[in-house]
Amino acid sequence: MALLEHLAELHPLLLCAAALGFMCVETSLLVGLFVPGDAVVLLAGTTVGSPARYALLVAATTAGCLAGETFGYALGRRFGPSIRRSWAGRRIGAAKWAKAEEYLRRHGGPAVFGSRFVTVIHSLVPIVAGTLDMPYRRFIGWAAPAALTWSCLYVGAGTAVGASYREAGAELGVWGTLIPPAIVATVVTVRLVHSRIKRHRAARHD
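Using the working numbering, the first residue of the sequence shown is number 1381, and each one after it goes up by one.
In short, the hints are calculated from the structure, not lab data. C-beta: ideal position from N, C-alpha, C; glycine also. Warning: the hint list may mix true and false statements.
What the hints assert, rightly or not - Simulated restraints, written as ranges between beta carbons of each label pair:
#, residue 1, residue 2, range
1, F1459, R1518, 16 to 22 Å
2, G1473, A1540, 34 to 40 Å
3, A1454, L1393, 26 to 32 Å
4, W1467, P1431, 27 to 33 Å
5, E1389, A1439, 17 to 23 Å
6, E1389, R1458, 41 to 47 Å
7, S1462, H1391, 38 to 44 Å
8, A1397, G1429, 15 to 21 Å
9, L1393, P1525, 36 to 42 Å
10, A1478, Y1516, 22 to 28 Å
11, T1529, R1465, 20 to 26 Å
All chains should be modelled from the sequences, with the hints used to inform the complete structure.
If you want it as C-alpha coordinates, here you go:
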(Lines of atoms letter the chains of each structure in order from A and count residues from 1; the text may use other names and numbers.)
(Lines give C-alpha, C1' and ligand atoms only; values in the text may rest on other atoms or scores of the structure.)
Protein backbone atom coordinates (compact mmCIF):
# COMPACT_ATOMS: atom_id res chain seq x y z
CA MET A 1 0.00 0.00 0.00
CA ALA A 2 1.47 3.31 -1.12
CA LEU A 3 0.72 5.38 1.98
CA LEU A 4 1.93 2.86 4.55
CA GLU A 5 5.02 2.14 2.47
CA HIS A 6 5.75 5.84 2.18
CA LEU A 7 5.35 6.30 5.94
CA ALA A 8 7.66 3.35 6.60
CA GLU A 9 10.35 5.01 4.47
CA LEU A 10 10.36 8.17 6.57
CA HIS A 11 13.06 8.62 9.19
CA PRO A 12 11.84 7.41 12.61
CA LEU A 13 12.83 10.71 14.24
CA LEU A 14 10.75 12.62 11.71
CA LEU A 15 7.69 10.52 12.50
CA CYS A 16 8.31 10.91 16.23
CA ALA A 17 8.67 14.67 15.84
CA ALA A 18 5.40 14.78 13.89
CA ALA A 19 3.58 12.70 16.53
CA LEU A 20 5.00 14.82 19.34
CA GLY A 21 4.09 18.10 17.65
CA PHE A 22 0.62 17.01 16.63
CA MET A 23 -0.25 15.61 20.05
CA CYS A 24 1.05 18.78 21.68
CA VAL A 25 -1.37 20.84 19.62
CA GLU A 26 -4.16 18.24 19.82
CA THR A 27 -4.20 18.25 23.61
CA SER A 28 -4.13 22.04 23.89
CA LEU A 29 -5.79 24.95 22.11
CA LEU A 30 -8.96 22.81 21.77
CA VAL A 31 -7.71 21.41 18.44
CA GLY A 32 -8.48 17.89 19.63
CA LEU A 33 -12.18 18.71 19.49
CA PHE A 34 -12.03 18.97 15.72
CA VAL A 35 -9.03 16.91 14.55
CA PRO A 36 -8.57 13.28 15.72
CA GLY A 37 -5.01 12.90 17.00
CA ASP A 38 -5.70 9.21 17.56
CA ALA A 39 -5.62 8.64 13.79
CA VAL A 40 -2.21 10.28 13.47
CA VAL A 41 -0.75 8.09 16.22
CA LEU A 42 -2.31 4.95 14.72
CA LEU A 43 -0.85 5.71 11.29
CA ALA A 44 2.57 6.46 12.76
CA GLY A 45 2.34 3.20 14.68
CA THR A 46 2.02 1.22 11.43
CA THR A 47 5.70 2.00 10.72
CA VAL A 48 6.95 0.31 13.90
CA GLY A 49 9.06 -2.74 13.22
CA SER A 50 11.13 -3.15 16.36
CA PRO A 51 10.80 -2.74 20.14
CA ALA A 52 13.19 0.23 20.05
CA ARG A 53 11.09 2.05 17.47
CA TYR A 54 7.93 1.28 19.42
CA ALA A 55 9.46 2.70 22.60
CA LEU A 56 10.67 5.80 20.75
CA LEU A 57 7.24 6.53 19.27
CA VAL A 58 5.49 5.90 22.60
CA ALA A 59 7.92 8.30 24.30
CA ALA A 60 7.36 10.98 21.65
CA THR A 61 3.58 10.62 21.79
CA THR A 62 3.55 10.69 25.58
CA ALA A 63 5.78 13.76 25.64
CA GLY A 64 3.51 15.50 23.14
CA CYS A 65 0.42 14.71 25.22
CA LEU A 66 2.00 16.03 28.41
CA ALA A 67 3.39 19.16 26.78
CA GLY A 68 -0.02 19.96 25.30
CA GLU A 69 -1.86 19.23 28.53
CA THR A 70 0.60 21.37 30.49
CA PHE A 71 0.08 24.21 28.06
CA GLY A 72 -3.70 23.78 28.29
CA TYR A 73 -3.44 23.80 32.09
CA ALA A 74 -1.41 27.04 31.97
CA LEU A 75 -3.94 28.62 29.62
CA GLY A 76 -6.71 27.66 32.02
CA ARG A 77 -4.90 29.24 34.96
CA ARG A 78 -4.37 32.47 33.06
CA PHE A 79 -7.23 32.77 30.58
CA GLY A 80 -9.89 30.21 31.61
CA PRO A 81 -13.01 32.42 31.45
CA SER A 82 -11.76 34.19 28.32
CA ILE A 83 -11.25 30.87 26.53
CA ARG A 84 -14.84 29.89 27.26
CA ARG A 85 -16.03 33.16 25.75
CA SER A 86 -13.87 32.75 22.64
CA TRP A 87 -15.22 31.52 19.32
CA ALA A 88 -13.95 27.99 19.95
CA GLY A 89 -15.25 28.04 23.52
CA ARG A 90 -18.73 29.08 22.40
CA ARG A 91 -18.64 26.47 19.65
CA ILE A 92 -18.06 23.79 22.28
CA GLY A 93 -21.07 24.95 24.26
CA ALA A 94 -21.65 25.81 27.89
CA ALA A 95 -23.04 22.33 28.60
CA LYS A 96 -19.76 20.57 27.71
CA TRP A 97 -17.73 23.03 29.76
CA ALA A 98 -20.05 22.52 32.72
CA LYS A 99 -19.87 18.75 32.35
CA ALA A 100 -16.07 18.80 32.27
CA GLU A 101 -16.00 21.01 35.35
CA GLU A 102 -18.47 18.81 37.23
CA TYR A 103 -16.52 15.70 36.19
CA LEU A 104 -13.31 17.19 37.55
CA ARG A 105 -14.82 18.52 40.77
CA ARG A 106 -16.51 15.21 41.53
CA HIS A 107 -13.65 12.82 40.76
CA GLY A 108 -10.53 14.97 41.17
CA GLY A 109 -7.25 13.37 40.08
CA PRO A 110 -8.77 10.14 38.70
CA ALA A 111 -10.88 12.33 36.39
CA VAL A 112 -7.68 13.64 34.82
CA PHE A 113 -6.55 10.07 34.18
CA GLY A 114 -9.91 8.91 32.82
CA SER A 115 -10.44 11.96 30.62
CA ARG A 116 -7.49 10.95 28.42
CA PHE A 117 -9.67 8.14 27.07
CA VAL A 118 -12.87 10.18 26.58
CA THR A 119 -13.41 12.17 23.40
CA VAL A 120 -14.05 15.91 23.74
CA ILE A 121 -13.62 15.84 27.52
CA HIS A 122 -9.89 15.13 27.28
CA SER A 123 -9.33 18.38 25.40
CA LEU A 124 -11.25 20.40 27.98
CA VAL A 125 -10.00 18.92 31.25
CA PRO A 126 -6.49 20.51 31.24
CA ILE A 127 -8.00 23.99 30.75
CA VAL A 128 -10.68 23.33 33.35
CA ALA A 129 -8.09 21.96 35.81
CA GLY A 130 -6.12 25.17 35.45
CA THR A 131 -9.23 27.29 35.81
CA LEU A 132 -10.18 25.47 39.03
CA ASP A 133 -6.63 25.94 40.38
CA MET A 134 -5.98 22.23 40.76
CA PRO A 135 -2.34 21.95 41.97
CA TYR A 136 -0.12 21.31 38.94
CA ARG A 137 1.76 18.49 40.66
CA ARG A 138 -1.51 16.68 41.26
CA PHE A 139 -2.67 17.34 37.71
CA ILE A 140 0.50 16.11 36.02
CA GLY A 141 0.77 13.22 38.49
CA TRP A 142 -2.45 11.79 37.03
CA ALA A 143 -1.97 13.03 33.46
CA ALA A 144 1.44 11.37 33.01
CA PRO A 145 0.39 7.72 33.56
CA ALA A 146 -2.75 8.34 31.49
CA ALA A 147 -0.71 9.71 28.59
CA LEU A 148 1.72 6.78 28.77
CA THR A 149 -1.08 4.19 28.88
CA TRP A 150 -2.95 5.86 26.01
CA SER A 151 0.23 6.07 23.91
CA CYS A 152 1.10 2.41 24.49
CA LEU A 153 -2.40 1.33 23.45
CA TYR A 154 -2.64 3.45 20.31
CA VAL A 155 0.91 2.93 19.09
CA GLY A 156 0.43 -0.77 19.79
CA ALA A 157 -2.77 -0.87 17.74
CA GLY A 158 -1.04 0.87 14.85
CA THR A 159 1.89 -1.53 15.14
CA ALA A 160 -0.48 -4.50 14.88
CA VAL A 161 -2.09 -3.05 11.74
CA GLY A 162 1.30 -2.39 10.15
CA ALA A 163 2.58 -5.86 10.96
CA SER A 164 -0.56 -7.46 9.52
CA TYR A 165 -0.18 -5.48 6.32
CA ARG A 166 3.47 -6.37 5.91
CA GLU A 167 2.62 -10.05 6.31
CA ALA A 168 -0.37 -10.05 3.95
CA GLY A 169 0.17 -6.89 1.88
CA ALA A 170 0.80 -8.68 -1.38
CA GLU A 171 -2.32 -10.76 -1.01
CA LEU A 172 -4.46 -7.72 -0.16
CA GLY A 173 -3.63 -6.01 -3.43
CA VAL A 174 -5.87 -3.03 -4.15
CA TRP A 175 -7.83 -3.68 -0.95
CA GLY A 176 -4.74 -2.73 1.00
CA THR A 177 -5.16 0.88 -0.07
CA LEU A 178 -8.30 1.02 2.06
CA ILE A 179 -6.45 0.49 5.35
CA PRO A 180 -5.30 4.11 6.02
CA PRO A 181 -8.66 5.72 5.20
CA ALA A 182 -10.37 2.94 7.17
CA ILE A 183 -8.29 3.83 10.23
CA VAL A 184 -9.15 7.52 9.96
CA ALA A 185 -12.80 6.82 9.13
CA THR A 186 -13.14 4.49 12.12
CA VAL A 187 -11.73 7.04 14.53
CA VAL A 188 -13.87 9.86 13.13
CA THR A 189 -17.01 7.67 13.11
CA VAL A 190 -16.50 6.61 16.72
CA ARG A 191 -16.11 10.24 17.73
CA LEU A 192 -19.20 11.34 15.81
CA VAL A 193 -21.35 8.52 17.19
CA HIS A 194 -20.13 9.18 20.72
CA SER A 195 -20.82 12.90 20.34
CA ARG A 196 -24.31 12.25 18.94
CA ILE A 197 -25.16 9.87 21.78
CA LYS A 198 -24.05 12.48 24.32
CA ARG A 199 -26.12 15.20 22.64
CA HIS A 200 -29.14 12.88 22.58
CA ARG A 201 -28.77 12.09 26.28
CA ALA A 202 -28.35 15.79 27.11
CA ALA A 203 -31.49 16.64 25.12
CA ARG A 204 -33.46 13.96 27.00
CA HIS A 205 -32.34 15.35 30.35
CA ASP A 206 -33.32 18.85 29.26
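Discussion item. Please check whether F1459 and R1518 have a Cβ separation lying inside 16 to 22 Å.
Written reply: 21 Å, holds
Discussion item. Against the range 26 to 32 Å, how does the distance between the Cβ atoms of A1454 and L1393 compare: consistent or not?
Written reply: 27 Å, holds
Worksheet entry | T1529 paired with R1465, Cβ distance criterion 20 to 26 Å | Once the Cβ atoms are compared, 34 Å apart, the range 20 to 26 Å for R1465 and T1529 is violated.
Worksheet item: Does the hinted range 41 to 47 Å hold for E1389 and R1458 at CB?
Response: Check passed, 42 Å falls within 41 to 47 Å.
Practice prompt. Confirm or reject the claim that A1478 and Y1516 have a C-beta distance inside 22 to 28 Å.
Written response: 23 Å, holds
Worksheet entry | CB-CB spacing for P1525 and L1393 relative to the 36 to 42 Å hint | 25 Å, violated
Worksheet entry | Pairwise beta carbon distance, E1389 to A1439, judged against the given window 17 to 23 Å | 22 Å, holds
Discussion item. Between the beta carbons of A1397 and G1429, is the distance compatible with 15 to 21 Å?
Written reply: The hinted range 15 to 21 Å holds for A1397 and G1429, with Cβ atoms some 18 Å apart.
Practice prompt. Could you tell me whether the CB distance from W1467 to P1431 stays inside 27 to 33 Å?
Written response: 44 Å, violated
Worksheet item: S1462 and H1391, beta-carbon distance inside 38 to 44 Å?
Response: 40 Å, holds
Worksheet item: CB of G1473 to CB of A1540, is that within 34 to 40 Å?
Response: Because 36 Å falls inside the window, the suggested range holds.
Hint compliance for this structure: hints 4, 9, 11 are broken, all remaining hints hold.
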